[in-house]
Amino acid sequence: MKPVAAIVFKDIAIEYKNKEAFSSMVLFGLLVVVVFSFAFEGSDRKALAPGMLWVAYSFAGILGLNRSLSMETDNDCLQGLLLSPMSRGDLYLGKVGGNLAFTMLAELVILPFFVILNNLAFDTSLIWIAGITLLGTLGFVAIGTTLSLISAQTRMKEVMLPVLQIPMTFPVILSAVQATSLVMSGDSSGVAFPLSLLGIFSTVYITASYFVFEYIVEE
Amino acid sequence: MRTRILGIASGAGIAVALYFALIYAPTEQTMGVLQRVFYFHLPQAILSYIAAFMVGFGSLMYLATRDLKWDRFAYCNAELGVLFTATTLITGMIWGRLAWNTWWAGDARTNLELILGLLYVGYLMLRGYLPEREKRARLSTVFGFLAVLDVPINYGAIYWWDTQHPKPVLGPRGGGADPDIKLAIYVSLITFTIVYAWLLTKRLGVARIEDEVGELEAAVETA
Amino acid sequence: MAPETLALDSKEIGKKFGYSYAVRNVSLQVRRGEFVVLFGSNGAGKTTFLKVAATLMRPTSGTLAVEGFDIGSQPEEARRRIGFLSHNTFVYRDLSPLDNLKFFCRLYGVKDSEERLLGILERVDLKARATEPVRAFSRGMQQRVGIARALLHDPSLILLDEPYTGLDARAAQTLNGILDEAVAAGKTVVLTTHDLDQGLRAATRAIILDRGTVVLDSPARGPGIREAYTRYIHQGDGR
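Residue numbers (my numbering), protein chains in the order written: chain D, 1 to 219; chain S, 1 to 223; chain W, 1 to 239.
Treat the hints as calculated values from the structure; they're not laboratory data.
Just so we're clear, the structure is a prediction, and the values are computed from it rather than from any experiment.
Glycine included, C-beta positions come from ideal geometry on N, C-alpha and C.
All clues given are correct.
The calculated BS3-like cross-link candidates involving lysine-lysine, where the alpha carbons are at most 25 Å apart (straight line), are:
#1 D:Lys17 with D:Lys2
#2 W:Lys111 with D:Lys2
#3 W:Lys16 with S:Lys135
#4 W:Lys102 with D:Lys19
#5 D:Lys17 with W:Lys127
#6 W:Lys102 with D:Lys17
#7 D:Lys157 with W:Lys16
#8 S:Lys135 with D:Lys157
#9 D:Lys19 with D:Lys157
#10 W:Lys102 with D:Lys2
#11 S:Lys69 with W:Lys16
For each label pair, taking beta carbons as the anchor points, the in silico distance ranges come out as:
#12 D:Gly131 with W:Glu115: 38 to 48 Å
#13 D:Tyr16 with W:Glu115: 24 to 34 Å
#14 D:Gly186 with S:Trp100: 32 to 42 Å
#15 W:Arg135 with S:Thr102: 53 to 63 Å
With these hints in hand, go ahead and build the complete structure from the sequences.
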């Protein structure tokens, strides 16, 4: 098994055993969705719904990133990974893979609750939404994994992550919200631009992070 | 010496620019006296973006050479970036409030400027929580580089978003092709660039001394 | 005669953290089969040097080669041959020792057959608890898992950074046994410790670092080591 895959499976295995990240992400995401649906009671739900969903995803995502990181800072396990022959870039890819897996899973669990609480329909648009979620999450996690390793080394530790992550992922959230909104209103034609922007974001940041990751982890 | 020349040039430049902006340039047809804020608003906006590319450049150079002078270059430009972003937003808001009674235009340009400001603030905050010199340089330059990559992507996202949600244009506008107005704009641009250069030079000087003091303290401790 | 490959060859290694040097101009040649003990007070640079050698830290200046592989240009090859143990075990507490070892096998590209791994766990006296999560283990037991992790890819250079810290007598004994076997098999060991006697137990060579530079480098049974140790290793002033 290649080292990158080994890291992904290891992250999934640990998560499967303790379910710390997954449960806190799902719970937090659901809370956000519930609070928003009360707060926006009566207003134009349909218009606000995509934004609501992605705010919930963002907050849950940050929780997940922090938990994934604490898996490696506990017992200094990151050093164990750095000692192995794999390149630092591959280490980054492994962590992105693990983060993507359980963040996506949490988001797919949150989605049906979101549909129900907002009285939306369970139709084919959900497949589109799942696809947008995948692409958006990829970008989110691509930069988030990098930023979580940067913030972990500061005095503020995990608290630093949202400060850096939220402005950086602004284009991701913007594009994902717009694409979701288009799909929900039935007009899937304009979806090409935001999706390609999400693709560009992911490509740029996965590539950039792959090469600068060694500067983050090696003192 | 260089700083003094720049300082004098800045002072003179501001006086000249004020003359051009407030007296020389004709009052604009449609927008009236208020339009004059544009002579300050535009150069500040442009420089807030130039600062970003300087941060990115300095960050990359540090990662390549590990010479702290590039890290100093990056963060001094980031500080100026915050300054110029703030003044851009404030002049924009003043105009918006006085002309259209809206504090926040919420259009592409404004949002982009705000996100840029947040990125600068994030960068400086990151530095603030990294007490060890080398780690501070290394991690903030990585973030600086990644953040600057975001600027063109943000541009694409926000301007496209705007095409989906057309809004009346509420920011201060240039005022067309009147040659006098154009001249005033150029004068203002040059002046603000000189002011930027002056502030940067002064700030870099202070930063260098801070690092020198650090080196001396370390040398004394180990002696 | 062709020059023999050195286990560790450092030339003028320097490591600067911001304004001050932790390690300054350390040139050291360690031949295969040597057992080197590195002494030094806190802040002398022992951990920093070891981490540079293990490629966990990038040196500010100088070059270092492990088994002939330069850590700057061929770090992956160097890492394959290094086993590093610190007082942190680097194992995942939610997984069992067996799952931990399987994971590390995949990282190093060595066979992860259960048979072999159980054999390794047996050597560190943990075969009976091979499938329990490490979280439930005592400190000594966790360190034994760490030892297994550090050695499972059969490294030729073993670097240990204060490995006896917090170890119970049994785990320390197991560690000593493993190190003795390793040296007998031709492996090289570099060990840092605060404890003079423990360090000199099996060492062939003793080195003292003070403020980032080498101040003593002599055979382990050589004269003057004790005086030098007392002189350089300031007790409790934290330098």
